[in-house]
Structures are given as C-alpha cells and as structure tokens.
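**Student:** Work out the full structure, taking the sequences as your base and the hints as a guide.
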Amino acid sequence: MKIAVISCIHGNTEALDAVLSDIDAQNAEKIYCLGDLVGYGPHPNEVVNRIRSLDIPTCQGCWDEDIVDGLNACDCSYPSQLAEKRGKLAHEWTDRVIEPDVREYLAALPMTVREDNLCFVHGSPNSQHEYLLPSMDGFAALERVLSVEADVLFCGHTHVPYVRELDNGSITVSLQQSNGGSGEAKVTQQFAAPLKKIINAGSVGEPRHGRPNATYVLYDTDTQQTTMREVPYEFTKTCMAILESGLPPIFAWRLARGMEFAERADDPSHVCQR
Amino acid sequence: MSDSSIVVVAGPSGSGKTAWIAQRLAEATQPALYVSVDGEAISVELAYIGYRFPKVRLANARALPQVFDELAEPTVIYVEVGFSEDVQELSLGGLPSHRVAVLPPSLHHSAWHDWADEIVAGNEVAIFEPHKMPEVWTMSLAGQVFDAPSLDDISIELTGGAYGKVHRMKALVELPDGRLFYLDFVDGMPGIEYGEPRVPQWLEGRPQRFSGIEVVGWNLEGDTIARTIRDGCLSNEAIAHYQLQYKSQSSSSVPQAAQ
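Residue numbers (my numbering), protein chains in the order written: chain X, 33 to 306; chain Y, 111 to 369.
Bear in mind the hints are in silico, worked out from the structure with no lab data behind them. Among the clues, some could well be false.
Over 10 angstroms on every C-beta distance to chain Y, these chain X residues come out as not near it, computed from the model [unchecked claim]:
1) I88
2) R128
3) L165
4) E175
5) R261
Sample of chain Y residues at the chain X side, in silico, Cβ under 10 angstroms [claimed, not checked]:
6) F256
7) D257
8) D263
9) I264
10) A272
11) T334
12) D341
13) C343
Here are the simulated EDC-like pairs of lysine to aspartate or glutamate, each with C-alpha atoms no more than 20 angstroms apart in a straight line [unchecked claim]:
14) K117/X / D333/Y
15) K117/X / D262/Y
16) K357/Y / D341/Y
17) K242/Y / E324/Y
18) K117/X / D341/Y
19) K120/X / D341/Y
20) K117/X / E347/Y
21) K62/X / E147/X
All C-beta atoms in this analysis are idealised placements derived from N, C-alpha and C, irrespective of residue type, glycine included.
**Tutor:** In structure tokens, the structure reads:
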C-alpha cells in the first residue's frame, strides 16, 4: 500500500492544497499527518478544517500542544532571543484567531499514531518538542524507534526531510554483577534489532531547505520504498496573507526563501526537557 | 605639521579604502593620524581603526585644521573620504597631499581617475549613477550586547535584503563573552567578513565603549532594522548572567600555583 505522510503545515493552506493534489496524482491510498497544523502561518482554522474534513489520522505537534496548553517549551524550541520573540508573537496571534472547536480538535490529538509496524510522531516518541536530527547519536536514535516497538518511525518537526536507516541494530550492555563475598563479575549481554528506519517528512507549510517548495514523503509498505516529494506552490499568496493578517512581515520574507521562521534545531545531542 | 605628509584615500563604497589604509598603518614606523570624511555622525571605520591601532590618533573631518596645527611631530595623515563625498570639493586648506583612489579593476574612467595621483586595485564593487546613489543608515550600539544567534539571524536577513536592498554593511558589535567583533559585508563579495580587534574583554556590565552599525543601500527600513536589532540585544539580567559565567570560567582556567 502506498501511503503519504505530511507534517508541519503551519497554517499554510496554499501549500497544503498543492500537496494534497500531488498526493492524489501519486495515487497514495492513505494520508497520515504528523501535526503542527497551526502556528506562524495565516490560515490555522482553514488547515485544521481541511485535515478534519478528510479524516486524516493526525498526531499532535508542538504548536498544536502549545496552542492548547500555553507556551512551555524548553531551550530547544528557540535557538535565538530574536526567534523566541517572533515565536511568541506568532503564538499570540494564533491564540487570538483560533476557533473554539479547532482548539478542541487540537487538544484531542494523540501523541502517536500506530499502523502495524509503522509509528507516526511529530518530534519523537518522547515529546512533540524533541528533534530527531539526522546527525543524532545512533544509539539514541535506535532507542527512540525501539521504544515504540516499530520498524519505521515517521517524524517531522525539523522541517528538513530525511531517511535514516539504522542497519546495525545491535546493542551491547555491560553490567558489573556482585558475586556475594567473592567480588564482582562483568556480565555482557547483546541485543540484536532488525533494520529500523526513521523517516522525516519535512514540512508542507514552512520548509527549511532553502527553497519555498512544500515537502512530504510517500512510503510503500510492500516494498519499503520511500519517495521524497518537493511540490512547488503559489507561496506568494501565503506571503501576501501573512502581510495582510498582521503577522510579522519577516515571516513572509523567510517563507519565500525556504528559511524557517523561527524554530530551528542545531544540537543533535540535546534531549528536550519539556 | 611641516614635516608631515597627507594621503587622501577615496573610492566607491566597499572598494577597500579602510582595508588599504589599515594595511599601511600595520606597517607604519612613524606616528599616524587617521581622519574620516564621510559626513556621518557615527563612523564605524573611525572606531575600527582606533580599536585596531591604539597608537594611531583619530580625528573627524570637522576638527581637521585644528588637529593639523596641533601635530607636534612628523606624522603620516591618512584621510579617508566617504563614497558620497565629492573629491573635487575636498579642501585640506591648500596643504599638499598624495591622492589615492581605491577602485574596482574594471572601472577605467571616473571622477576618481581624474583626481587621483595613484590608482589602487580594490574590490570589484558596483558603481552607482548620481541619481541612484544609495542612502546611509547608521545606529549607535553603545552599551548593547547581542545574543549571538540573534546577531546571526539579523546579519543574514539584513544582508539578504529583508529590510531593503543592502550594498554594504559594517558594524562593531559586542558579544556576551565580552569580545568586540567587526562585521563587514559588501554586496557581490563572498559572505560576511568577521574580525576581532584586540581590545580587552568587557565583563563588567554594559560596555562603555563605541559600537555601532552602518548600512548603505536603498529603501532601507530604518525603524524595522532598529527594532529587530533591539530585539536581538540582551537585557541587563541576561548580560549579568553571561558575564558571571564567563568570569567564573576564566578564573577557573587560571593555573593554580604549585604548593
């Protein structure tokens, strides 16, 4: 079965519509969404209503959580003071315009979505705010996949798509074991894990790969083949809507250049403390 | 003044006038005076030369005659003329001078050629028609300390054209670890150059020394640039927090005396 996985739409209906058309053209049978439906972009209600109307299984993103629970991120959410100020402006704007039933829908979204040996999360199984960067330590990455007992973990949040194969899934654990009065003995145990994959779906509405095009992934559950899709869309319409809505104009400038508005992850060893 | 010599340096914005003078000052064996003639209230070059060459005297063009009169020993006087100044109108009170134009190698005819005694090949920068001359926007950053990642964001956005088309940006900025940095961007040249003048680390509150930014370009959104810069600068509490950390690090890295 061919599935499409989309993430990080961030209130950008122009991008979402273009991606949905492309998914249709690619004959994907089912769509999964990894959250961050709202935040930064000018159409949060429209995006949520589109996802709801299509009955797309969706997990909760960090922005979806923030708009329900309030801002409560750890340091990893904002890499700079300037980004933090802009992020707060975007949060306040979104909080002001979001409709009550949309907020209720976001509040009810699950942290993870499961489908056989596939698991779908926004950031990581630990937290919607944790970044699974491609350069993350292999042991930590494998732990994240094993923790949800999946073979393929789909995530978003970084806004840059990637596929990572964890093909050396062997973990060695050494223990110092007490032998009563005769001292300690070293015990070594080895666990083998079959091939695991982390697939990052990129971002539909707020790409960070240097071009304004939306990204998402197609995955064939029979052949295990992943296809990255990059979809051009009329980003200038979104830019105009940003300017007209009263959001910071710099968001439009950054969107047009494929530069994320504020959030960014640079430290692959960081463990989110939220 | 009688045994002193004057070198007047002119050229378009970003051609490398300050860099050429700095090279001479680095090799200088006799006292030197640096004069900036750019008509701006804030002169980043003046401060940059002052930080980099503490022994070089500095003067603004407005104080020129008096400064010349006060020179007690033979001095090499470098006068840097801003790109928007008319070199033909430049007056040094009739004193003899050596006129140097730092120009793009591809430029073969200009008012600078007619004026100069010596042509120096500089950066390959654009030359503007008189009716398309860029504007200059300046801001004092005295006492401000940047959040370093925010400074990166601002530099990328500013030089990338988020707040107007930028031809040139130069700035002296303070960072939380007490270091002062010089940023230099010229449109068409690769990236932003960073330099670190050898000045003491400032780890006692808001720095009480010059820092500032000068931007040359068109349709510059000065208010937005200023607001963005302020958003990227640290509060008193944050500055104190960082300075405490850096002071603690530097004291713990001092080798202990042998017992």
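**Student:** Each hint: holds or not?
**Tutor:** These are the hints, each one checked on the structure:
1. The beta carbon of I88/X is kept farther than 10 angstroms from every beta carbon of chain Y, the shortest such distance being approximately 34 angstroms.
2. No Cβ of chain Y approaches the Cβ of R128/X within 10 angstroms, the least distance being about 20 angstroms, so the stated non-interface status holds.
3. Distance check on L165/X: its Cβ is at least 17 angstroms (rounded) from any Cβ of chain Y, clearing the 10 angstroms threshold; non-interface status holds.
4. The Cβ of E175/X lies farther than 10 angstroms from every Cβ of chain Y, with a closest approach of about 29 angstroms, so its non-interface assignment holds.
5. R261/X, annotated as away from the interface, keeps every beta carbon of chain Y farther than 10 angstroms; the closest lies near 27 angstroms.
6. Against a cut-off of 10 angstroms between C-beta atoms, the interface hint on F256/Y holds, since the closest Cβ of chain X lies about 9 angstroms away.
7. The interface hint given for D257/Y is met, as the beta carbon of that residue sits about 4 angstroms from the closest beta carbon of chain X, less than 10 angstroms.
8. With its C-beta approaching chain X no nearer than about 5 angstroms, D263/Y sits inside the 10 angstroms limit, and its interface hint holds.
9. Interface restraint check for I264/Y: the shortest CB-CB distance to chain X comes to about 7 angstroms, inside 10 angstroms, so the restraint holds.
10. Taken as an interface hint, A272/Y checks out: its beta carbon lies about 5 angstroms from the nearest beta carbon of chain X, inside 10 angstroms.
11. For T334/Y, the suggested interface contact is upheld, since its CB lies about 8 angstroms from the closest CB of chain X, less than 10 angstroms.
12. About 5 angstroms separates the beta-carbon of D341/Y from the nearest beta-carbon of chain X, less than 10 angstroms, and the hint is met.
13. Proximity of C343/Y to chain X holds as hinted, the smallest CB-CB distance being about 8 angstroms (cut-off 10 angstroms).
14. Simply put, K117/X and D333/Y have alpha-carbon atoms about 17 angstroms apart, close enough for the 20 angstroms limit, and the pair holds.
15. As the CA atoms of K117/X and D262/Y are separated by approximately 15 angstroms, the hinted pair is consistent with the 20 angstroms bound.
16. Between K357/Y and D341/Y the alpha-carbon distance is near 25 angstroms, which puts this suggested pair outside the 20 angstroms criterion.
17. Taken as a hint, the K242/Y and E324/Y pair is honoured in the structure, with Cα atoms around 19 angstroms apart against an allowance of 20 angstroms.
18. Only pairs whose Cα atoms come within 20 angstroms are accepted, and K117/X paired with D341/Y is accepted, the gap being roughly 7 angstroms.
19. Between K120/X and D341/Y the alpha-carbon distance is near 12 angstroms, which keeps this suggested pair within the 20 angstroms criterion.
20. Of the pairs offered as hints, the one joining K117/X and E347/Y holds, with about 17 angstroms between alpha carbons and a cut-off of 20 angstroms not exceeded.
21. Of the pairs offered as hints, the one joining K62/X and E147/X holds, with about 11 angstroms between alpha carbons and a cut-off of 20 angstroms not exceeded.
Going down the numbered hints, you'll see the structure goes against just number 16.
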